[in-house]
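Dock chain one against chain two, each of which comes alone in its own frame, and use the hints as you go.
Listed here are the chains, written in short residue letters.
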Amino acid sequence: AQSVTQLGSHVSVSEGALVLLRCNYSSSVPPYLFWYVQYPNQGLQLLLKYTSAATLVKGINGFEAEFKKSETSFHLTKPSAHMSDAAEYFCAVTKGTGNQFYFGTGTSLTVIP
Amino acid sequence: NAGVTQTPKFQVLKTGQSMTLQCAQDMNHEYMSWYRQDPGMGLRLIHYSVGAGITDQGEVPNGYNVSRSTTEDFPLRLLSAAPSQTSVYFCASRKQGASDTQYFGPGTRLTVL
Chain B
1 AQSVTQLGSH VSVSEGALVL LRCNYSSSVP PYLFWYVQYP NQGLQLLLKY
51 TSAATLVKGI NGFEAEFKKS ETSFHLTKPS AHMSDAAEYF CAVTKGTGNQ
101 FYFGTGTSLT VIP
Chain U
1001 NAGVTQTPKF QVLKTGQSMT LQCAQDMNHE YMSWYRQDPG MGLRLIHYSV
1051 GAGITDQGEV PNGYNVSRST TEDFPLRLLS AAPSQTSVYF CASRKQGASD
1101 TQYFGPGTRL TVL
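In order, the protein sequence lines correspond to chains B and U. Position one of the first sequence corresponds to residue 1 (the numbering used here), numbered consecutively onward. Position one of the second sequence corresponds to residue 1001 (the numbering used here), numbered consecutively onward.
Only chain U is shown next, with the shape it has when bound in the complex (with noise of 0.2 Å):
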């Protein structure tokens, strides 16, 4: 059981470039999210997704997307990386329940220069 696992761990982008940030789970988890933790401001929601073909806002949604074809997967997509999307990436996952816990994936640190 690999609990949440993310591809890469690091990545440096060119401002303008695109990318695909991986996230999967084998705990058979409906809800996924996304969040990125940037210094002093804590994580902040990005992108959630309650099951395959459902997804929705969080937080701070502009300039990312997201899809969920199968419950495992459930990567993020920055279209034009920006400086400003610099910051460390972390993907996690729980059962269906608001009070059921989220695990965390290790995180990937992003580099837009």
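With the rest of the complex left out, here is chain B (with noise of 0.2 Å):
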């Protein structure tokens, strides 16, 4: 079975400060990962995905994750946060074909200014 675990329902960064959001997947075979980011009362949009390329993904806004798989991690960081940076942020797993697709329980960002 998949599955992914987003450690920390809730993190509190100072705007200017590093952003660190855990993520942590179970797979038997190679995985895609990806990280999403969601503003309120508004669909998914993709931050970043890792498809077996290159470990450190480089994704919009700043973001960027590593794919370490001895870790089965795959955080997601960004050097400084801004005040629109705040968001949940969804980290997903899949194999194989796609067709199944799972989403970690998500991590809600706030920015104090």
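These are computed hints drawn from the structure, not numbers from a lab. Be a bit skeptical, because a hint or two may be false.
To be verified - With a Cα cut of at most 27 Å, we get these calculated BS3-like pairs of lysine-lysine:
{"no.": "1", "chain 1": "B", "residue 1": "Lys69", "chain 2": "B", "residue 2": "Lys95"}
{"no.": "2", "chain 1": "B", "residue 1": "Lys68", "chain 2": "B", "residue 2": "Lys58"}
{"no.": "3", "chain 1": "B", "residue 1": "Lys95", "chain 2": "U", "residue 2": "Lys1095"}
{"no.": "4", "chain 1": "B", "residue 1": "Lys95", "chain 2": "B", "residue 2": "Lys58"}
{"no.": "5", "chain 1": "B", "residue 1": "Lys68", "chain 2": "B", "residue 2": "Lys49"}
{"no.": "6", "chain 1": "U", "residue 1": "Lys1009", "chain 2": "U", "residue 2": "Lys1095"}
{"no.": "7", "chain 1": "B", "residue 1": "Lys49", "chain 2": "B", "residue 2": "Lys95"}
{"no.": "8", "chain 1": "B", "residue 1": "Lys49", "chain 2": "U", "residue 2": "Lys1014"}
{"no.": "9", "chain 1": "U", "residue 1": "Lys1009", "chain 2": "B", "residue 2": "Lys58"}
In structure tokens:
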């Protein structure tokens, strides 16, 4: 079975501070991993994805994530938080055909001025 | 290019009523899917389709029916609504590949009384 675990349902950072959102996955075969962002009352938007090419993946809005097979992790980082980064962030995993898609429970990011 | 559209945006039903949530995409995507989003549970896959005439179950299919008669449309039917189906529903689409980006609609907020 596949799943993703997001540690910390709520994360608060000061504006300008490092953002670190954690995601661990379980998969018996190499997965495809995704980070999505959801702003209030909107749908989900892709931030970045790992598709077995480079292990360090750069996404939109200055976010990046590193795939670490030994740690089964795909943590999302951003060097300097902006107020506009306040949103809910979801990690997701799929494999093979990609027909079954699994999301984590989400992390709500608050940015403190 | 409208992307993924969903109607209605809001709906209130009484227990036992039926309704259909509409989803359409204009990107000629083969794969379409329905998710429900509940607080603290992330998004869970209800049903998906890999092309016209082909549908299959996701993680939480009970109480929902789907069909796919065209590439563009993928309606979700609730035959007899229950309070447990109160949720926000998202439709998504992508090309066929597992690593392809899923594009999400704006969501339908459903309340079952």
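Structure-based check of each hint:
| no. | hint | in the structure |
| --- | --- | --- |
| 1 | B/Lys69 with B/Lys95 | holds (15 Å) |
| 2 | B/Lys68 with B/Lys58 | holds (15 Å) |
| 3 | B/Lys95 with U/Lys1095 | holds (15 Å) |
| 4 | B/Lys95 with B/Lys58 | holds (21 Å) |
| 5 | B/Lys68 with B/Lys49 | holds (14 Å) |
| 6 | U/Lys1009 with U/Lys1095 | holds (25 Å) |
| 7 | B/Lys49 with B/Lys95 | holds (13 Å) |
| 8 | B/Lys49 with U/Lys1014 | violated (40 Å) |
| 9 | U/Lys1009 with B/Lys58 | violated (33 Å) |
When the structure is compared with the earlier hints, violations turn up for hints 8, 9 and for no others.
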